[in-house]
Each structure stands twice: as C-alpha cells, then as structure tokens.
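J.: Could you slot chains B, C and D onto chain A? The hints should help.
Residue numbers (UniProt numbering), protein chains in the order written: chain A, 1 to 306; chain B, 1 to 306; chain C, 1 to 306; chain D, 1 to 306.
By construction, these hints were calculated from the structure, which means they are not laboratory data. All of these numbers come straight from a predicted model, not from anything done at the bench. Any given hint might turn out to be false.
Said to hold, decoys possible - Mimicking DSS-like on lysine-lysine, the simulated pairs with C-alpha atoms at most 25 Å apart in a straight line are:
#: 1; chain 1: A; residue 1: Lys-178; chain 2: A; residue 2: Lys-158
#: 2; chain 1: D; residue 1: Lys-298; chain 2: B; residue 2: Lys-178
#: 3; chain 1: D; residue 1: Lys-178; chain 2: D; residue 2: Lys-74
#: 4; chain 1: B; residue 1: Lys-152; chain 2: B; residue 2: Lys-126
#: 5; chain 1: C; residue 1: Lys-104; chain 2: A; residue 2: Lys-158
#: 6; chain 1: D; residue 1: Lys-74; chain 2: B; residue 2: Lys-104
#: 7; chain 1: C; residue 1: Lys-269; chain 2: D; residue 2: Lys-126
#: 8; chain 1: B; residue 1: Lys-152; chain 2: A; residue 2: Lys-269
#: 9; chain 1: A; residue 1: Lys-158; chain 2: C; residue 2: Lys-269
#: 10; chain 1: B; residue 1: Lys-126; chain 2: D; residue 2: Lys-74
#: 11; chain 1: B; residue 1: Lys-158; chain 2: D; residue 2: Lys-178
#: 12; chain 1: A; residue 1: Lys-126; chain 2: C; residue 2: Lys-158
#: 13; chain 1: B; residue 1: Lys-158; chain 2: D; residue 2: Lys-74
#: 14; chain 1: D; residue 1: Lys-298; chain 2: C; residue 2: Lys-269
#: 15; chain 1: A; residue 1: Lys-178; chain 2: C; residue 2: Lys-269
#: 16; chain 1: A; residue 1: Lys-104; chain 2: C; residue 2: Lys-178
#: 17; chain 1: C; residue 1: Lys-126; chain 2: A; residue 2: Lys-158
#: 18; chain 1: D; residue 1: Lys-104; chain 2: B; residue 2: Lys-158
#: 19; chain 1: A; residue 1: Lys-269; chain 2: B; residue 2: Lys-298
#: 20; chain 1: C; residue 1: Lys-178; chain 2: A; residue 2: Lys-158
#: 21; chain 1: D; residue 1: Lys-10; chain 2: D; residue 2: Lys-178
Claimed, not checked - If you only want the chain C side, here are some residues facing chain D, beta carbon under 7 Å, derived:
#: 22; residue: Pro-91
#: 23; residue: Gly-124
#: 24; residue: Gly-148
#: 25; residue: Asp-211
#: 26; residue: Ile-213
#: 27; residue: Asn-231
#: 28; residue: Ser-232
#: 29; residue: Gly-244
#: 30; residue: Ala-247
#: 31; residue: Tyr-248
#: 32; residue: Ser-302
#: 33; residue: Ile-303
From the three backbone atoms N, C-alpha and C, an ideal C-beta is built for every residue, glycine too.
4 protein chains.
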Amino acid sequence: MQDILNDICKTITAEPNKGKVASYIPELACIDPEQFGISVALPDGQVFNAGSAHQLFSIQSISKVFTLTIALGKLGDAIWSRVGREPSGDPFNSIVQLEHEGGKPRNPFINAGAIAVTDAIMMGHKPRETLGEILQFVRFIADDNSIGIDEKVAQSEKLTGDRNASLAHFMAAFGNLKNPVEQVLGTYFHHCSISMSCEQLAQAGLFLVSDGINESTGFRVVSAQRARRINSLMMMCGHYDGSGEFAYRVGLPGKSGVGGGILAIAPGKASIAVWSPGLDSIGNSKLGTQALELLVQKTGWSIFGH
Amino acid sequence: MQDILNDICKTITAEPNKGKVASYIPELACIDPEQFGISVALPDGQVFNAGSAHQLFSIQSISKVFTLTIALGKLGDAIWSRVGREPSGDPFNSIVQLEHEGGKPRNPFINAGAIAVTDAIMMGHKPRETLGEILQFVRFIADDNSIGIDEKVAQSEKLTGDRNASLAHFMAAFGNLKNPVEQVLGTYFHHCSISMSCEQLAQAGLFLVSDGINESTGFRVVSAQRARRINSLMMMCGHYDGSGEFAYRVGLPGKSGVGGGILAIAPGKASIAVWSPGLDSIGNSKLGTQALELLVQKTGWSIFGH
Amino acid sequence: MQDILNDICKTITAEPNKGKVASYIPELACIDPEQFGISVALPDGQVFNAGSAHQLFSIQSISKVFTLTIALGKLGDAIWSRVGREPSGDPFNSIVQLEHEGGKPRNPFINAGAIAVTDAIMMGHKPRETLGEILQFVRFIADDNSIGIDEKVAQSEKLTGDRNASLAHFMAAFGNLKNPVEQVLGTYFHHCSISMSCEQLAQAGLFLVSDGINESTGFRVVSAQRARRINSLMMMCGHYDGSGEFAYRVGLPGKSGVGGGILAIAPGKASIAVWSPGLDSIGNSKLGTQALELLVQKTGWSIFGH
Amino acid sequence: MQDILNDICKTITAEPNKGKVASYIPELACIDPEQFGISVALPDGQVFNAGSAHQLFSIQSISKVFTLTIALGKLGDAIWSRVGREPSGDPFNSIVQLEHEGGKPRNPFINAGAIAVTDAIMMGHKPRETLGEILQFVRFIADDNSIGIDEKVAQSEKLTGDRNASLAHFMAAFGNLKNPVEQVLGTYFHHCSISMSCEQLAQAGLFLVSDGINESTGFRVVSAQRARRINSLMMMCGHYDGSGEFAYRVGLPGKSGVGGGILAIAPGKASIAVWSPGLDSIGNSKLGTQALELLVQKTGWSIFGH
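Same shape as in the complex, but just chain A (with noise of 0.2 Å):
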C-alpha cells in the first residue's frame, strides 16, 4: 500500500495542470496549487500517508458528511422532510431547483441542503453550541481532539456568502428554515472552515468502511443500515454534478470540497482522504480525483466489481 501511494504522489506531483484554486472564497484562493496529499486508513487502525498528509486544509463541504451524520441521529428520517435525498444535476450553488420544488433541496450536500441540515440540528441553540456539538462529533469520529475550525476562513467565506446567504433566504421564504437566517450561515460558514489533514479526515471516515462502526476505536458511531445510506448519499450526490463522472471514473463513494480535499469510502476495505488544491471547472479537486482513480485501478476497490 505504501508503495501505491507513493507511485500515485509522484505521478501526481508530476502533472502539469493542477486545476484552479478556489477563488471567491479569499483566504482559500492564496493557497498554494503545488500541494497534495494522500492517506488510506485501514479498519484495523493501520493508516498509510504520502505527501502533505498531515497539513491541515480547509474541509469545506465534507464536513456536509459529518453534519448530516449528526442531523440522522438527532432527528432520523425527519429530515428527509426537509430535505431530498436525488441528485440534483445542477451547480453546487444553484437556486433554480429551490424554485421549483418550493424551497426543499434535492439534497443533503449541495449549499442549499447543507443549509438546511445545519438548522435543522441547531435546534434553536446558538452557533456557539452547535459548532461545539459538531467539533466534538468530528473529533470523537477521528479520534483526535485537536481538530479546530479555521476562523480567518469562516470569516472570508462570510464577506463572499451572498449566494449562500442568497440560497438561506430562499428557503427561509419557504418556512424551510427555523432558526435566524444569520446564525445558521454563521453555523455553516464556520463548520464548513474545519481544518484537517489527509490523515484525520481519513481517519474520520471508518466508521462509513465497517458498517457504522470504527473498529479502530471499537466505537459504534451509527447503525449499519444508516452508514449504508451515507455512502449511498455520497455516491449519488458526493460531487454536485460530477457525481456521474466520479462514479463512473473511481467508483466509490466520496464527497468533495472546495478546500481541494475528498473523502471516499471503499466499503469493507478503507477509508480514504486526498487533497489538491485545484479545481476542475465543477469545483471538484481536479488532482484528487485522478489520485482515487489510480488507486482504484491498483487496488480493484471499485464498488461496481469485485
């Protein structure tokens, strides 16, 4: 395994069109296109690193996985009241679906579901408990309890947010939001700004390999079944409308941020994080990608063979 990531870091380091760093957002656009990560944590606790795998990045719309996770166990299948669970075939950003559909997202990991997932489990309690709340949860998920929020960028993405902010309105409208429009784009903005390495994402990610479980920790995070479902998510909907495209050239579950990180999941076999700052014109991690692809292709782990 060590050998296959270092042969993906090279090829990768190698390559000369790394995609664009994430500009609207100004304190992610200065970060620098060169690097990447890569690190594969096994159900046995063993985890494999090659490059930057222990600079911390900004997680962006990852954390989606983590608040969802959280939203299931608080509320069940209540949520899916507020929110849909397709692919949307649209933009990360886009409102024209809200529209539509009367102020319901497709989706759980599109701006416009996370949204909405991120009122839901703040349950009228203030920013300041609900990011405690979920601190907490992804700490406990990666065993490591100093994983921060990165508050120079929750504050650039908040000066930036009119589309998000936007998107909130909207829903708000709808009476598809319960708390003050503020304070869950405050919530969003700074659960969002998580800061995490290769290595602690990776690690965050077993309970989704074992059924719900982290056998690592031995701790039991969700049931079988909604680990299931999460990966499922992921599946359908881990990249906007690039979902068919990932599915199609890595064939796993992922879910992927503007940070340039990806989190994907092979069932049964590993958890895996990678990170390269530039981006494809979807907003997915142009890099990234192609590292899970190799991957896939050295170790068989698509989830459409055997």
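T.: Okay, now just chains B, C and D, sitting in the frame of chain A:
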C-alpha cells in the same frame, strides 16, 4: 436463497397497494398488476426463482443497458460525445435539459439518451439489421435463443410515441441524430419491446456481476473496466429522478423499465431480476423495488456495506 | 366622465368575488377588501373621483415607476447595463431567470429589477437620503407635499422579506448591487410603503400622459422620448406574468402593486388610478383590472384602437 | 410622407452592418441582404413606397397574425384554451415553457403557439383546403388576388424543420394537436412560405389600423374589440424575446418574420411594412427595426405618446 425468495414472494403478493400499471402504452395498460416474479442468477450458473419468474414481460428501458453495452463495443468512448453520464434530476421523458444543453442528453438511460445511443449503433444500417444485432446480443448474453420482440407492444408504442418523437426531432435539430428520425424511433420502440422472463433477464445480467465475464458460460462480454462503468451508470441514472431513492433503499446498480421489470447487479454476488407491473409516481416498479429492498436486507448485498 | 366613474363604482362594488388580499405582508393582510376607489386626472388639471378615491393605500410596486424615472434621470441609459427591458414570463419574485442570466434582472418592474434600480439610485448615499429624494420626487410629480411613507408597512415587509433578501443577495453575488444588501432592501421596502390615494396617484401619473410634461402644473418631468419609453415598459412588464392579459383586456400601459392599486396611462388623454385590495392569482388587483376594462370600453381609450 | 420614406431608405441602405440572413432555411439563406423596402398604407387607401417595396419576400412568422385572425373568427375565445396570451420571455423555438406548462404554448406568435393555431383552424380538413382558406383570407385583406405560396421555401422548411416537428410532437403528446402532426406541420410550413411585397403586406394590415375595418375597401374584417386585441398581442409577443426592445424603441404593435419582414400598426394612422433580410441575434430584422424607429421619430406615431 430459495427460502428467501419464497418469503419475499409471499410478502410482496400480500401487499395491497401494487402501484399503477403504465397507461400511456395501450398494450401495457392491460397487464394484470397482480403478477410478481423474481430470479437470482449466481455466477456459478445456479438460478433461483420465485413467483412468475418464467412469465415473459416487456423489458422496456432495461434494454437500454444492452444497447449501451453494444454502443460502447462499437464506438468506445466516442459515444460520450453524443450523450453525457450524469444523473439528470429530471423525469425520464423531460426535454428541458436537452434545450439547455444543446441537444446532448444527460445520460444513456433517459429516453433522449437511449434514442441517441440507438442512433449511434445504427451506423447507417436499416432498423431490421440493427434490431437483429441487438436481439442477437441479448440472446448471447442470456444464453437463450428464444428471446424475441413483442411486435404488438412495438406498434402500441409507435402510436403513442409523440413525446419520444419530440425528443428525437429535437436532437436531430442539433445534429445529434445521424439516421432518419422515423427509423431511429422504430428501432428504439422495437428494442424496448423485447420480451423476457425474470430468469432470462437475470442471466443476461451475469456479465455485469463478474467484471465482464459471464462465468456460467465462460464468455467475456466486455472488459472489467467497462463492466464496472456500466454498473456505475446504472447506479447513478438507472431509475431516472428516482435513482437516489433506489440507491438509498436498495444500494445496488439497477435499471428499471415501465413494463415493471428491474435488473439489479450485486457485483461478485448475483444478477437479480424482479417484475411487478405496478409503478410508482416516477415510473419505477413499486413492488419490484420493495422486493429488492427485502432481498438486500436479507442477504447484505448492498454495495455500500461489507 | 363623472357618470362613467359612478357607474363603474356601482358595478365593481356589487361584484361578489373581490379576489384575495395579499397575505404575505401582515400589515396588508388586514386591509378591508370591500374598499374601491378610482380617479381620472386629465391633462388640463381636472380630476374625477368615485368611491374611496381619497383613502390612502400602500402603493407597493407602483413606486417602481417612480424609482425607474429617477434612475433614468440620474444614470440615463447606463441603467440598462444593470437591468433588462423584456417581459420575464415569470412571477414577480422568481429567481430562476436571475440564475440563467447572470444576476441581471429582466426588467425594472419585477422585484429583482426594482431592487437593482433602488441600488443604482442610492449611489453610495444612506437609505434615509435616498428615501428623502424619492419622496420629494413623488410629492413633486403629484404636486402634493403631504405624501409620506407608512412605517408600519415598511417594518412589516422587512419581517417577511426573505424572498426579496434572497433576490438581493443573489444579485450581490454577481456584483449587481453596489451598496450593502441590508441598506438596499431597507430603502426598497420603504419606497414600496409609500401611501397615496387614488387621486394623488392619478395626478402623479400626469407627466406620462403628455409626453413628459405635467400640463396641469406646467413642469416638464422627463423628455418626450423618455416618457414614451417608460410607458412602453409599463405596457410590457407592468403586471408581471399577467402583463399580456392586462394588455389584452385593458390595452393601456399600467403598473400594479400588491396593495391593490393600479396606475394606468392613456397617452394624450388621462392618468388613471384604481384601488381594490383583492388580488388575482398572479398578484394584480382583480377588480381594479375589471374597473379599467370597463373604463376603456366606455371611453375607447385603448392604445390599440383609434 | 414620401420624403420621409426616401430619407429612411437612404439612411438604411447606407448602414454597413445589415445583420445576418436566416441560415437554417436553405432557401432563405441565399437572399441578398442588401435589399430594403418600406411601404406605408393609410386608411384612405393611399400607399407610399420606397426601396424594393414591390419585391416579393417570404413573410414567414408574419403569417401568424393572419392565422390567429382566422382562428379567432372560427373558434372565438375557445382558441385560448389551446394557447395563452402572455409574452414567453423565451426564444421563438423554445420548448422549455411547453414542458413546464403542460403542452400549452404561451402565445400564438411563438412557433409552438402558431402550430397549435394552425391545428385549430384545420378542423379536420386537409392541408390543401386549409391553405386555400388562409390564402383566400390574405388575398381578401390585402385586396390582391396575386398573392401565393413559394413552394420552394415550403419544401426547404420541411427539410430542416426538426425543431418545429419536436414542438408539434410535444404538443401532440399532451393532446394539444387534433390533426396528424405531419399535416399540421405541412400546413404551417406552407403558410409561413406565403410571398408578399411590402406594399401588399401594408395593405393587408389596414384592418388593424381602423378598428377592424379596411377603410380603403370598406370591408369589416373583425370587430373593433378583436382588432385591438390582435394589436395587443402583436405588441406583447410579436418579436419573441425581443418584444420589449421593439416596444421600447419603436412603440408600435408589430410582427416580425425571419424572412426579414415586419408588419407594424399605428392605430388610426397607418399600416407599415418594412423588409430587410438581415436579422439581429434574436431573429428580428435588424434594419427593419431601425427603419421603423426612424419612421416613428419623424411621425410621432408611437402609441405611448400623443
């Protein structure tokens, strides 16, 4: 396995709400909604049946899996210049996305995409020749030369096929059909009218279970990579705007048809065909989906767990 | 003329179905739907009234005619880089078109367009200053210094203005708002909350009757060409996705507001204001439209005949 | 008037940028873009011409005014159950709105709407009979029996008419066509291929100038109310998604055709026909619009002033 299928059959036939039989194709509208069949074909050649597993039914859109496979064989990746591979988020017969995206259908499993694929495999040949080729392929992968086309259903579709004619002419206007519209539609209506039993269908899917090889016959149908990619497309797009729901509930790549059939693939494990003519509001078999959900619960075959 | 208005008033007040009072602005929801007023102002200064023509009501979107006139005065044709001049075919608060056309509203009379126009006339000034300017202009054209803003209505709009906030943030995300969103919305909500009577409103419209000159006061407000162009915009876009219906039935340029008022212009003949709080399904005054239809039938004032 | 037209003719023919001749109908693609004609017909029977006012050209969508008039005569208001009367905000050949609104076109002047109107006036008759009727009507209102159909253009449209075939089949799928699609399209293509000169066209429009009566012949064609309503529809929908622009610049009800002609009505004053084959990006005659703008400036005929 036989006990599991018998149990499922008992549960499903006892369900009071069977959904609604497709009404827009007259010949299908008169099918008895009480019928149910299920077949599970294992790579080693064993087949388990329950209910009306030998009853022939119209496979309808399930044929799109076979025409896509043929198109990939003939054109390779060039087919992707004609059709995309993303979930559409729209109903099976929607034309909106076609206008917004210049006549290129989102994926090969919505009607527009399947019509484009049908056009692509015609390559200037007459409908009769193309249909011969499709039928030959289906007979080959199912290892059953008795499979044929129900001409009554084909005629019935033709009479009510204005929506598909609209899609075809729209693509033709953008130069995305090379053969005469009438001939492409005739070919399309006919391959949708192939009649198969659950048992035949399950056997036809075996090459997708074992990385491209039908292990019971020993024939390689497609490469391992291609088999995985076809599975990924079935997962992402096989149930129209109900694909997310199917992934969430069943967790297997699958393709439905308005005849009430579903072909589902459990990679490495089994090819499954179910049939129940009543449809849900999206156009997928209501009890067929439920039967697959039960089967996956009992066997643990979800590709999202281990 | 007085007889005509009395007749219309009698017919309208006898109508059993008055439409539905706008419910989404609480302060407007409690207006008595039984009220009706009509005023006809002639270029020579004569005004004919019937019903509650002196009752103040919230002019709401009719204020968009005045802010557009101010914006044209301040920016000239440069305003058209910020907003289009085509009917939208969509409801007044739709956001779909904004996403498809990069944050540029179709015309100045849908909500998004009017918010952009409000932003344009602020030019860095505070809401209070801009509102002062708008109010001064309305008092000037109506020749009535008693006209003011209903602060309760303005607060009421603010509380329920999520849909407008969504539109504003969406445009801000595309750089099509220059002032802080909160301030633009505050200004917008306030100018929509101007209270006027039918008589005041009819007088305010006189400059559009006589090619830019209010002949009763002798003041030129805008050039002849500009007056005609404002009329053309009222004709094409003044009733949202009911503009075609209004043109068909009434045949005059007009602008409606959800307060139940309509300002209609018969070029060379009269400025007409009607008020009936009940709305049709599109959000235009149901009986107000009917009153104008009757007036045009009796006077032959349609601009489509002679 | 003759001097005005000569001036306009001089200005227009000196314009270097003539727009682009419609390319999608081969027979129209080879028209010389340098040609220009203008005719002004007064109610008293006088006609003023300049340029190639006697040159025949393909009236294309201008024929939709005549078929709508016929349909209103045959069906009365019942036609409005088949087609709406709102601007669409979409291009002439868009299908998106049709899907969103159940196969009912927004208005009779976009292609879909005109096809539905053509179907409505067929009433079970054969294309030849219906065309005879349309031609007879056009000859009657223009008082000129020499008017005919250019069969070459009709054939040319048929060959490239996939977009219109798509619209027609789409409506047929919703039950909004009663006659066979092929026959409706054949009739539609043929009435679009009527050839007229500016002079003939201007005379054909006279009934819309004088509240339904052609005062030069003395014949009443439609009621005053109907004439005004047809004018309102031309105003609101006559130039597709450029209708707002035409209202803003010209200020007259008008209907354009991709052959480069425009028929404009100044109620009570004149019927005007212009022809310049080069089109703008929306599909309306570029210099034709400019000529009308000049004419209205010189005559003050805008319906929005006095």
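J.: Compare the structure with each hint and give your call.
T.: For each hint, the structure was consulted:
The straight-line distance between the Cα atoms of A:Lys-178 and A:Lys-158 is roughly 20 Å, inside the 25 Å bound, and the hint therefore holds. Taken as a hint, the D:Lys-298 and B:Lys-178 pair is broken in the structure, with Cα atoms around 52 Å apart against an allowance of 25 Å. The suggested pairing of D:Lys-178 with D:Lys-74 holds, with an alpha-carbon distance near 15 Å, which does not exceed 25 Å. Of the supplied pair hints, the one linking B:Lys-152 and B:Lys-126 holds, its CA atoms being roughly 20 Å apart against a limit of 25 Å.
Restraint check for C:Lys-104 and A:Lys-158: the C-alpha separation of about 23 Å stays at or below 25 Å, so the hint holds. Proximity of D:Lys-74 to B:Lys-104 is assessed by CA-CA distance (about 41 Å); at most 25 Å being required, the pair is judged violated. About 49 Å separates the Cα atoms of C:Lys-269 and D:Lys-126, which puts this hinted pair outside 25 Å; it is violated. This hinted pair does not check out: B:Lys-152 and A:Lys-269 have alpha carbons roughly 49 Å apart, beyond 25 Å.
A threshold of 25 Å between alpha carbons decides the hint, and for A:Lys-158 with C:Lys-269 the separation of about 53 Å lies outside it, so the pair is violated. At most 25 Å may separate the alpha-carbon atoms for a hinted pair to count; B:Lys-126 and D:Lys-74 exceed this at roughly 45 Å. Between the alpha carbons of B:Lys-158 and D:Lys-178 the distance comes to roughly 17 Å, so the proposed pair stays at or under 25 Å and holds. Taking the CA atoms of A:Lys-126 and C:Lys-158, the gap is near 23 Å; set against the 25 Å cutoff, the hint holds.
For a cut-off of 25 Å, the pair hint linking B:Lys-158 to D:Lys-74 is broken: about 33 Å separates their Cα positions. Between D:Lys-298 and C:Lys-269, the direct Cα distance comes to roughly 22 Å. Compliance with the 25 Å bound is thereby established for this hinted pair. Using a Cα cut-off of 25 Å, the hinted pair A:Lys-178 and C:Lys-269 is violated, with the two alpha carbons roughly 52 Å apart. With a C-alpha separation of about 30 Å, the suggested pair A:Lys-104 and C:Lys-178 falls outside the 25 Å cut-off, and the hint is violated.
Between C:Lys-126 and A:Lys-158 the CA atoms are separated by roughly 23 Å; this keeps the pair inside 25 Å, and the hint holds. For the given pair, D:Lys-104 sits about 23 Å from B:Lys-158 by alpha-carbon distance, which is consistent with the 25 Å threshold. Between A:Lys-269 and B:Lys-298 the alpha-carbon distance is near 22 Å, which keeps this suggested pair within the 25 Å criterion. A threshold of 25 Å between alpha carbons decides the hint, and for C:Lys-178 with A:Lys-158 the separation of about 17 Å falls inside it, so the pair holds.
With a CA separation close to 49 Å, the supplied pair D:Lys-10 and D:Lys-178 exceeds the 25 Å bound. Given the 7 Å rule on beta carbons, the hint for C:Pro-91 is violated: about 12 Å separates it from the nearest Cβ of chain D. Taken as an interface hint, C:Gly-124 does not check out: its beta carbon lies about 29 Å from the nearest beta carbon of chain D, beyond 7 Å. Nearest Cβ of chain D to the Cβ of C:Gly-148: about 31 Å, over the 7 Å cut. The hint is violated.
Because the smallest distance between the Cβ of C:Asp-211 and any Cβ of chain D comes to about 5 Å, under 7 Å, the interface hint for this residue holds. A hinted interface residue such as C:Ile-213 counts as satisfied when its beta carbon comes closer than 7 Å to some beta carbon of chain D; here the least separation is about 11 Å, so the hint is violated. A cut of 7 Å between beta carbons decides the hint on C:Asn-231: the least distance to chain D is about 4 Å, and the hint holds. Taking 7 Å as the C-beta cut-off, the interface hint given for C:Ser-232 holds, the closest approach to chain D being about 4 Å.
A cut of 7 Å between beta carbons decides the hint on C:Gly-244: the least distance to chain D is about 4 Å, and the hint holds. Given the 7 Å rule on beta carbons, the hint for C:Ala-247 holds: about 4 Å separates it from the nearest Cβ of chain D. Because the closest C-beta pair between C:Tyr-248 and chain D is about 5 Å apart, less than 7 Å, the hint holds. For the restraint placing C:Ser-302 at the interface with chain D, the shortest Cβ-Cβ distance is roughly 5 Å, inside the 7 Å limit, so the hint holds.
At its closest, the beta carbon of C:Ile-303 sits 4 Å from a beta carbon of chain D; the interface hint therefore holds under the 7 Å criterion.
Going down the numbered hints, you'll see the structure goes against 2, 6, 7, 8, 9, 10, 13, 15, 16, 21, 22, 23, 24, 26, while the others check out.
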